[in-house]
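*Asks:* Take a look at the letters that make up each chain.
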Amino acid sequence: VNEEELELWRRQWHSQPAIPIELIRKVERQTVYLKLQRLSLILPVLVGIGTIVLAFMTPTLPWVLLSVGTWVFIIVGLVFQFRNDKDIWAPAAETTAAYVDLSIIRCRKTLNDIRYSFIFSPLLTTFVLVALYQVLADSGALRIARDYAIMAGSFLYAAGIVGIVLWLMRAKRKKVEAELAYLLDLQRKLTD
Amino acid sequence: MSARAALEQRFHQLLSANGGALSRLAASYTNNASDRDDLFQDIALAIWKALPGFRGESSERTFIFRIAHNRAITYISQRRPTSTSAEEMDLPDPRLNPEKDFAREQQEMRLFEAIHRLPVEYRQVITLTLEDMSYAEIADVLGIGESNVGVRLNRARQMLRELLEVRK
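Protein sequences appear in the order of chains W and Y.
Take the first sequence: its position 185, counting from 1, is numbered 185 in our numbering, and each next residue is one higher.
Take the second sequence: its position 109, counting from 1, is numbered 109 in our numbering, and each next residue is one higher.
Incorrect hints may have been included.
[Claimed, not checked] Subject to a maximum C-alpha distance of 20 Å in a straight line, what follows is the list of computed DMTMM-like cross-link-like pairs (lysine to aspartate or glutamate):
#, chain 1, residue 1, chain 2, residue 2
1, W, K109, W, E177
2, W, K175, Y, D38
3, W, K174, W, D113
4, W, K109, Y, D37
5, W, K109, W, D147
6, W, K175, W, D113
7, W, K26, Y, E8
8, Y, K49, Y, E108
9, W, K35, W, D147
[What the hints assert, rightly or not] Over the 12 Å line for every Cβ pair with chain Y, so calculated as not near, a few chain W residues:
#, residue
10, V27
11, L54
12, T125
13, S154
[Said to hold, decoys possible] From the derived model, a few chain W residues whose C-beta atoms are all more than 10 Å from chain Y:
#, residue
14, E28
15, I52
16, M57
17, V130
18, G163
Since the hints were derived computationally from the structure, they do not count as laboratory data.
Backbone N, C-alpha and C define an ideal beta-carbon position, used for all residues, glycine too.
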């Protein structure tokens with residue numbers, strides 16, 4: 001029995017799966033990118049702090065509403081990000097299957113990010129533009145037709161930018177979906 | 001062929017013949033792929049430096065495993081210790097996804113993780129045994145007596161059995 005046990009361990013020891021180095025490198029690159037993405041969350045917080053400062057300097061209803069609304073968006077965004085980033089940082093074990101699992105989780109995270117952006121970006125843009133309009137109207141900056149035309153032009157410009165970003169994200173979504181399909185297929189092959 | 005070219009050829013032959021075993025050895029001393037690659041590089045470099053001084057007093061395999069183990073011990077002593085004593089064996093379970101039935105791979109991983117939890121003196125003996133080394137070779141690599149190898153191996157097997165039993 002002892003020799004059989006040792007022989008079994010020996011076989012298992014020698015068949016430790018070698019994880020494809022490309023897969024490890026890709027996951028490591030993604031980790032760096034995800035950490036940078038996490039750092040970029042500082043920007044909206046700084047913007048939020050800016051709106052608080054402005055609301056204190058000009059304590060009128062439009063500024064206060066702009067600040068409160070901005071923080072609502074920031075908090076919703078942060079909660080979504082932290083929940084969506086669960087389990088994305090490291091493989092559960094040093095195996096090919098675990099690396100594939102992690103890549104699948106990251107693809108799903110990216111798809112969730114994109115779906116979220118499709119809802120969040122138009123809402124945020126609308127909110128900022130409406131709030132900006134209120135602030136400008138309240139401060140008396142909009143007096144003649146030309147001011148309104150500039151305002152409308154800015155609205156259209158912002159909407160156009162958001163449209164382009166969403167169109168690019170749609171293309172990215174297709175790419176990520178294709179990668180996810182490949183990884184799910186690979187995962188099935190590993191379990192067979 | 002110049003002496004350096006001959007040395008390089010010998011070095012590459014040694015690495016290609018023992019690369020798998022050295023990689024497994026490095027993995028048994030480290031916690032992730034990146035550290036394993038680092039240690040493997042360290043071992044390869046140490047072998048390269050020591051190779052010109054090898055006079056055939058032992059087999060090449062014993063020679064490179066001795067270097068590898070010494071390098072690995074230096075490596076872990078310079079880093080946060082993994083499991084170095086029997087008291088430290090009760091580590092939390094790694095996160096294995098229960099929904100996935102990677103049965104074969106998980107069995108291999110269970111063995112690998114159990115070995116990783118062994119105190120270093122037992123881990124050395126069991127990994128060399130699993131690399132098909134004889135008592136005499138292991139004694140030569142580790143610089144201990146053959147009877148000591150037997151004692152350590154028995155204890156290592158017993159601990160490994162217990163660890164695998166607990167994790168079933």
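*Asks:* So W/E28 supposedly isn't at the interface. Is its beta-carbon more than 10 Å from every beta-carbon in chain Y?
*Replies:* W/E28 is in fact no farther than 10 Å from some Cβ atom of chain Y, at 7 Å.
*Asks:* Would you check whether the claim that W/G163 is not at the interface survives, using Cβ distances to chain Y and the 10 Å cut-off?
*Replies:* The claim stands: W/G163 keeps its Cβ more than 10 Å from every Cβ of chain Y (closest is about 40 Å).
*Asks:* Non-interface claim for W/T125: all C-beta distances to chain Y beyond 12 Å?
*Replies:* Non-interface label on W/T125 holds, nearest chain Y Cβ at 39 Å vs cutoff 12 Å.
*Asks:* Does W/D113 lie within 20 Å of W/K175 when you go C-alpha to C-alpha?
*Replies:* 14 Å, holds
*Asks:* Hey, does W/V27 actually stay past 12 Å from chain Y on C-beta?
*Replies:* Contrary to the label, W/V27 does not stay out of reach of chain Y, its closest Cβ about 9 Å off (not over 12 Å).
*Asks:* Examine each Cβ of chain Y, and state whether all of them lie more than 12 Å from the Cβ of W/L54.
*Replies:* 45 Å, holds
*Asks:* Please verify that the nearest CB of chain Y lies beyond 10 Å from W/I52's CB.
*Replies:* 40 Å, holds
*Asks:* Between W/K26 and Y/E8, is the straight-line Cα distance small enough, at 20 Å or below?
*Replies:* Judged against 20 Å, a Cα distance of about 31 Å means the pair is violated.
*Asks:* Hinted pair, alpha-carbon criterion (20 Å max): W/K174, W/D113. Please report holds or violated.
*Replies:* 13 Å, holds
*Asks:* Given the hint that W/K175 pairs with Y/D38, test it: the Cα-Cα distance must not exceed 20 Å.
*Replies:* 34 Å, violated
*Asks:* Does the structure keep W/K109 and W/E177 at a Cα separation of 20 Å or less?
*Replies:* 11 Å, holds
*Asks:* Take a quick look at W/M57 and tell me if its Cβ sits farther than 10 Å from every Cβ on chain Y, holds or violated.
*Replies:* 49 Å, holds
Hints 2, 4, 5, 7, 8, 9, 10 and 14 from the list above are not met by this structure, while the remaining hints are.
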